[in-house]
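Colleague: The primary structure of each chain is shown beneath.
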Amino acid sequence: MFEVFAKELQSSVRSMIGWVYIAFVLFITGIYTVVYNFFQGLVNYEFALASMRFVFLILVPLMTMNTLAGERRARTDQFLLTSPLSVTEIVLGKYLAMLALLAIPMVIVCIYPLILAQFGAVSLGTVYGTALSIFGLGMVLLAVGTFISSLTDNPVICAVITLAIMLVLYWLNDLAGFLPTTSAFSMIALTILILAVAAVSWRMTGNTVVGLVIGIVLEAVLIVVFLTDPSVLEGAVTAGLKAIAPFAKVDSFAYGLFDVSALVYDLSVSALFLFFTVQSVEARRWK
Amino acid sequence: MIEVKHLTKRYGETLALDDVSFTMKEGRVYGLLGPNGAGKSTTMNIMTGYLAATDGTVTIDGHDIVEESREAKALIGYLPEQPPLYTDMTTEEYLMYAAGIKGVPRKEREEEVTRVAEQVGLEPVLNRMIRNLSKGFRQRVGLAQAILGHPHVVILDEPTVGLDPQQVIEVRNIIRDLGRDHTVILSSHILSEVAEVCDYVYIISHGRLVAADRPEQLARNLQRSQSLEIFVQGSRSAVQRALGSLADLGEITYLPGQEAGSTAFRLTLEGDEDRRAEISMALASQGLPVLSMQQKTLSLEEIFLALTEGDPKEEEPARAEDPVPDAGNEEEKEEGSGV
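In the order they appear, the protein sequences are chains A and B. Each residue of the first sequence is one higher than the one before, starting from 1 at the first, in our numbering. Each residue of the second sequence is one higher than the one before, starting from 1001 at the first, in our numbering.
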């Protein structure tokens, strides 16, 4: 795993791309630092940090488009997948290399509040909490991007799809507010979700019975809830989407709350998508 | 020792491999021969664990490629059809990386890379970026990668495709060297190559193993008859008279003569007995000088065609579709003869 990690990090740093990513993050963060902290004279460096999170919209598609899709296109996946390394090691090596690349500008940015603290009362706890949540957000988005990269062998298609998904995730918290909150709407939305879950489990296991059982059991539970107490379902979709909206997790940190549940969310969602990635790479062998 | 048992691979509806089984022993060069699309690459991709078989097993020195993939894959070096190279690395960096991935201990990597580079003649390009290398050198980098870390089994998918004749000879020599201490499996659709390099040949056609033997044995098995092409000075009737005295000559086919007063003909002889001297003497005794005599043995190309052609007709799905075009052909022929 270490070999893959080292090679990925090395080649991104050497090929300029890594430097461009680092410079891009520093540039965007720098603009917010100048506007908020220099021109407006705010001591809240966390605002500058919270504002720069949209860099991921551009950064994640560019970073993940070549991770697995590029390997497939160049046929170098044949080298990796026939080596003694397991798919988990390959995926983790690549993922950790992207995290390391992301960590470089984040560490540099973390020096800024120390400088600002010389001129005013910067709340370092809030600032570093926010920085940590930004990094956590990066973890989630890079894991999602890696998964998308495992689905195609075309880096451009991968980048476009990832960008679209990043945009949806970016606005998810706001979009969720526009959805109807009636229990009937929740019923329909959850039924569609159950169908999707059943279809995915049918595809993944190749077993029709498993898919059917999962679908029927979940739908039965939903119907029972709907018939006994429909008020439970009111606004359920909105609440659910708001709960999983990754970009919004940074807000509570920026307001000075160290939200441990958000960090647990970051770790578990990243792990889940990396697991999906490994499954998707393994599954392709059987096609 | 490689054991492949009942390998079957389906891509959706297409049957790419149909119940292929074989065993390969240590220290030999094996050739996987077949026309394009016969299932050679699929077989190799399954043997190396890149693809999973729909059915059947592959074991390398007793390790199943799926169940004990780490142990099995550590024993294999693989050069796919397209060398899997990172073009943004130099040759040396790439080989160092590959050595690391293959679990060569850190201290030995440099030495191992040097050894392999020397073996395949990569020293001049060690510090060049792979993207700037010619096709021949890229192929060699791929080959070097495959033999890093002394794998027991080296699998090469069409290793000489796209190389110039000089490079082809060099790569073949490397393969022959490798065959001394590795089990080498190479695929090819070039018969002369397989005949020259391999100790053993497996012929695959339409996803099935249709023949497995030593190259010369393959020829002998199919060699039911031999033919001689003879060019003599003299008339046809004189030739007929001269040959009339010989027994069991088989069929005489006259070929279009090139010169006035000379006759060219083909003799099809039963059995593999050499009768050239006898025939030459018979012709000479009648005053017919032999201008040339050529023995035509069944070439590997012909064996190959004999084995791989017509095979789909044995398969059930193909047979169902066959009658339609065939019927069309017959009608055409009938019309032709009518006119």
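There may be inaccurate statements among the hints.
[Claimed, not checked] Listed next, with one range per pair, are the computed distances between beta-carbon atoms:
#1 1105(B) to 100(A): 23 to 31 Å
#2 1012(B) to 15(A): 52 to 60 Å
#3 1070(B) to 17(A): 30 to 38 Å
#4 1123(B) to 31(A): 46 to 54 Å
[Claimed, not checked] Stretches of chain A that chain B covers, calculated by requiring three or more beta carbons in the stretch to come under 8 Å of a beta carbon on chain B:
#5 235-244
#6 278-287
[To be verified] Some, not all, of what chain A presents toward chain B, calculated at C-beta under 10 Å:
#7 2
#8 4
#9 10
#10 14
#11 203
#12 207
Rather than coming from a laboratory, the hints here were simulated on the basis of the structure. Small disclaimer: the values here were computed from a predicted structure and weren't measured. Every residue, glycine too, gets a C-beta built ideally from N, C-alpha and C.
Colleague: None of the hints should be skipped; say for each whether it holds.
Modeller: Hint check:
The supplied range of 23 to 31 Å is met by residue 1105(B) and residue 100(A), whose beta-carbon atoms lie about 25 Å from each other. For the pair residue 1012(B) and residue 15(A), the beta carbons lie near 38 Å from each other, so the given range of 52 to 60 Å is not met. Between residue 1070(B) and residue 17(A) the beta carbons are some 32 Å apart, a value that agrees with the proposed interval 30 to 38 Å. The supplied range of 46 to 54 Å is met by residue 1123(B) and residue 31(A), whose beta-carbon atoms lie about 51 Å from each other.
Look at the region 235-244 of chain A against chain B: 0 of its residues bring a Cβ nearer than 8 Å to a Cβ of that chain, fewer than three, so the hint is violated. With a threshold of 8 Å between beta carbons, the proposed coverage of the region 278-287 of chain A by chain B holds, since 3 of its residues qualify and at least three are required. With its C-beta approaching chain B no nearer than about 8 Å, residue 2(A) sits inside the 10 Å limit, and its interface hint holds. The closest approach between the C-beta of residue 4(A) and any C-beta of chain B is roughly 7 Å, which is under the 10 Å cut-off, so the hint is satisfied.
Interface hint at residue 10(A): satisfied, since its Cβ lies 8 Å from the closest Cβ of chain B, which is below the 10 Å cut-off. Residue-level restraint check for residue 14(A) holds (minimum Cβ-Cβ distance to chain B is 8 Å; threshold 10 Å). Interface restraint check: residue 203(A) against chain B, minimum CB-CB distance 14 Å, threshold 10 Å, status violated. Because the beta carbon of residue 207(A) sits about 16 Å from the nearest beta carbon in chain B, more than 10 Å, this interface hint is broken.
The structure is inconsistent with the numbered hints 2, 5, 11 and 12, although it conforms to all the rest.
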